[in-house]
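Please build the complete structure, drawing on both the sequences and the hints.
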Amino acid sequence: MAVKVEELLSAEINQPARYLGNELGAAHKDWDGASVRWVLTYPEVYEVGASNLGHIILYNILNALPRQLCDRAYLPAPDLAAKLRSTQTPLFAVESRRSLTEFDILGFSLSYELGATNILEMLDLAGIPLTWQERATNDQNGQMPLIFAGGQTATSNPEPYADFFDFIALGDGEELLPEIGLILAEGKTNNLSREALLLDLAQIPGVYVPQFYDMAADGSVHPNRPQVPERILRRVATPIPAYSIGLVPYVQTVHDRLTVEIRRGCTRGCRFCQPGMLTRPARDVEPQQVVEAIEQGMQATGHSEFSLLSLSCSDYLALPAVGMEIKNRLKDKNISLSLPSQRVDRFDDNIADILGGTRQSGLTFAPEAGTQRMRDIVNKGLTNEELLRGVKTAVDRGWDKIKLYFMIGLPGETDFDVLGIAETVRWLHRECRVDGRRGLNFNLTISNFTPKPHTPFQWHSVSTAEFSRKQKLLKGEFRGMRGVKVNYTDVRISAMEDFVGRGDRRLAAVVRRAWELGAGMDAWWESLDQAYKAWTQAIDESGLTWKYRQVESGEWNLFEKEDEKEEGSSATDSVTDVTDVTDVSSMSVGRRKKEEGRRKKEEGREIKEDFPNSPDLPHSPSPTLPLSLDRALPWDHLDTGIDKNWLKIDLQKALEAATVPDCSFEGCSRCGVCGTDFGHNVVVDALPIPEFAGEFVPNTERKQRLRVWFGKVGDMALVGHLDLLRLLDRVVRRADLPISFTGGFHPNPRISLANALPLGVTSTGEIADFELTEPIDIESFREKLAAKLPENIPIYKVEPIDLKAASASQLLEAAEYVITVAVAGSLTENGELDRENSAPVSVAPDANWEAWVKTIAETEAFWRVHTTKSGKTQDVNLRDRLHKLELVEQKAESSASASGGTSESRAVLRFTGSCRSDGNLLKPEHIVFMLEQVSQQQIQLQQVERSQLILGYG
87 MAVKVEELLS AEINQPARYL GNELGAAHKD WDGASVRWVL TYPEVYEVGA SNLGHIILYN
147 ILNALPRQLC DRAYLPAPDL AAKLRSTQTP LFAVESRRSL TEFDILGFSL SYELGATNIL
207 EMLDLAGIPL TWQERATNDQ NGQMPLIFAG GQTATSNPEP YADFFDFIAL GDGEELLPEI
267 GLILAEGKTN NLSREALLLD LAQIPGVYVP QFYDMAADGS VHPNRPQVPE RILRRVATPI
327 PAYSIGLVPY VQTVHDRLTV EIRRGCTRGC RFCQPGMLTR PARDVEPQQV VEAIEQGMQA
387 TGHSEFSLLS LSCSDYLALP AVGMEIKNRL KDKNISLSLP SQRVDRFDDN IADILGGTRQ
447 SGLTFAPEAG TQRMRDIVNK GLTNEELLRG VKTAVDRGWD KIKLYFMIGL PGETDFDVLG
507 IAETVRWLHR ECRVDGRRGL NFNLTISNFT PKPHTPFQWH SVSTAEFSRK QKLLKGEFRG
567 MRGVKVNYTD VRISAMEDFV GRGDRRLAAV VRRAWELGAG MDAWWESLDQ AYKAWTQAID
627 ESGLTWKYRQ VESGEWNLFE KEDEKEEGSS ATDSVTDVTD VTDVSSMSVG RRKKEEGRRK
687 KEEGREIKED FPNSPDLPHS PSPTLPLSLD RALPWDHLDT GIDKNWLKID LQKALEAATV
747 PDCSFEGCSR CGVCGTDFGH NVVVDALPIP EFAGEFVPNT ERKQRLRVWF GKVGDMALVG
807 HLDLLRLLDR VVRRADLPIS FTGGFHPNPR ISLANALPLG VTSTGEIADF ELTEPIDIES
867 FREKLAAKLP ENIPIYKVEP IDLKAASASQ LLEAAEYVIT VAVAGSLTEN GELDRENSAP
927 VSVAPDANWE AWVKTIAETE AFWRVHTTKS GKTQDVNLRD RLHKLELVEQ KAESSASASG
987 GTSESRAVLR FTGSCRSDGN LLKPEHIVFM LEQVSQQQIQ LQQVERSQLI LGYG
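Residue numbers (the numbering used here): 87 to 1040.
In short, the hints are calculated from the structure, not lab data.
In silico lysine to aspartate or glutamate, DMTMM-like type, Cα no more than 25 Å apart, as pairs:
(1) K478 x E509
(2) K417 x E378
(3) K890 x D863
Dropping the structure here:
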């Protein structure tokens, strides 16, 4: 049964268009014709989830399958979540508007260690038991959907969340999810039990069913029955760009553009990078597929910007050729290209040529470390010369703002390496200064290294005290430096990510309790102290405080000497754990500095600046690897393709500051991935770069102006004014209408609305002006526009307007509204006697709507204090703005009055009032105000429709 969403989305719900489910690209498949019904549930607000590329791709693939239906659900914002609970309404899927319990299977994206609390929030709102154990024993377990998770964190280490899911989908889902769908369909046909169905699913490579595995005392995981594999394979799929073309939300999303993947996987081998390890091998998409997907996608969606996506776009050698080809094909469309963080060593004029458009996009580079030695330790493969060359190219091509990502707390890092970040920025400022131009501005993000499973650095961590000390060093160094804005990651977030990310099944109780205490993922950004308190309380109640203290203290530190280990081990002497840990928290900052100085003195070297024309940095001695590397890890049963012994070898190379080349372009590194199960690297060679056809030149000619009268009815009333403008821009693009553009640096289409319609108000009388670069038949214009508009934005009339005539917004004089109002009680009962300087009006106690309307018409003044945008106040006579007021209908919901008569409780009124661009407005709320003055009753505004806008042509 469908949830009555329209009753939930009342005036107090922010951005209600998030929940409509009727965006362009929504599938709306037949419910009864589906054998398997999915919900892809993204555990973040709509603006994040609806623009996630993986979410869009899997949604499109599942709905392309016969008899498989896929709907969507997102984490409701706090206002709607509170209303769902207060009204006892279950969380619903946005397209069918059905409760999530009506579906066969719910799939969550788990891409962040602390994101599981949002998943629990969604399950609770849906009325679904949180754990697989509860669902298996629930009286209604036959009606409960299967709950699974996929995504980077789920593939990396699902153990902290194993209790919450019936199964985990490991790796790429493009081929895996359709296979799961076939098993589900067969299981439903054969009426399999929940356990039997899961056992069938466990036979699919890439499906991990936690309940068929037990955790040993050392944290490792092993099968508890012979029918399931000992290790579960990560799935690998080939990207298909065509499935990237999909949803076009009404509201502005965080990635409000068409995104197409050009390369999946990265073989650069950065030793801290989990995505680079978990997505191997590298698979380039054929250039022709990319070009066609972008060209078709831009036409189908109407977006004005597109992005090419990869972990390392610059390693897609055909990028300059593909980018230029697309740019040339879309030259007349006012389209911009953006790229995610790029390899600064590959940034050159060819890539600069394809970026941006009329709107220059931002540039983001990730040097990661401030010295060459540290970049070698992490295997970044970047020299100072390459860094300088890339930044200078950006400056020469007109960029004056660049974002840089750095990391602190990496293995082997000294204070000199930390301060090297500031020196690097200072050096780039100095070397990239151009006379006669404004200085270069850097926006820096300094993140704390957090060890990730399946990486060479999974065995290393740093104490929160050390992170705080290093942040303090940098803050002092950046103080007073101009043209630099620095953002630091809170050390508490980093410690919690580490604690959960490398945890085992014992952490399920922590995650659940943290959610119960209010630690949703959004809380980290809105109230970090509150979220941290919730997590630490949950840890304490679960009896794992000792474990978290180890993380806070730096559980493993690979660069400590044996004597340091002995001195600094007191914090863990009384702790028994499944790993052999080294604690450095008790080592004082002073002794640490003294120890570091002693080491430097023994080496007989002095620290010099690590920049061109400076001597080489000293290299730390290479310590031997600790025995703890051979201990079992909670994720060892997951076969990602990466050989654990190779991770140890690569870690040893890191300690020696030895680099490993990129195996996509040089020799094999023997990581273990390439083979039958995972495939091999697929690299597309560089292609000839097409000749640049020139930048978009906005056509500012104005050959025709058409005035359109249209409506905004039904659920389109919940689309805001700015969202409507963006929708009209995309509609014009999809309809391929010859719209004229404004001039200037940011040309915009010449589309102007006469007046902004308040959110939630329907209308049958809106007006918009469209200016075109060439004359077009009016009926043809109307047909093309109507064909691309949502059905609840009907077109009533189109008329040609003289180009020299005033715009509709300039001519606007008045507006006509039809409103439904109701009596909610006396003002005395509701404590609302003070009505902002209003003139008291005496009306008989048994007066009805007709009498109140007549009294308003006969009253000369209704004074109200108006506050302007600048904060100034002025007295306004609302009666001067009211042109006409009439009673259309009275509802027969009556009650006995004081004099024995009846007073109708609801009425429909029509009024015409001022509606001018200078702010002279009469709003429906003002009519309510006047009614309250004459009736001394609290009047409730129940429904509003704007029936027409009145233009003053004379």
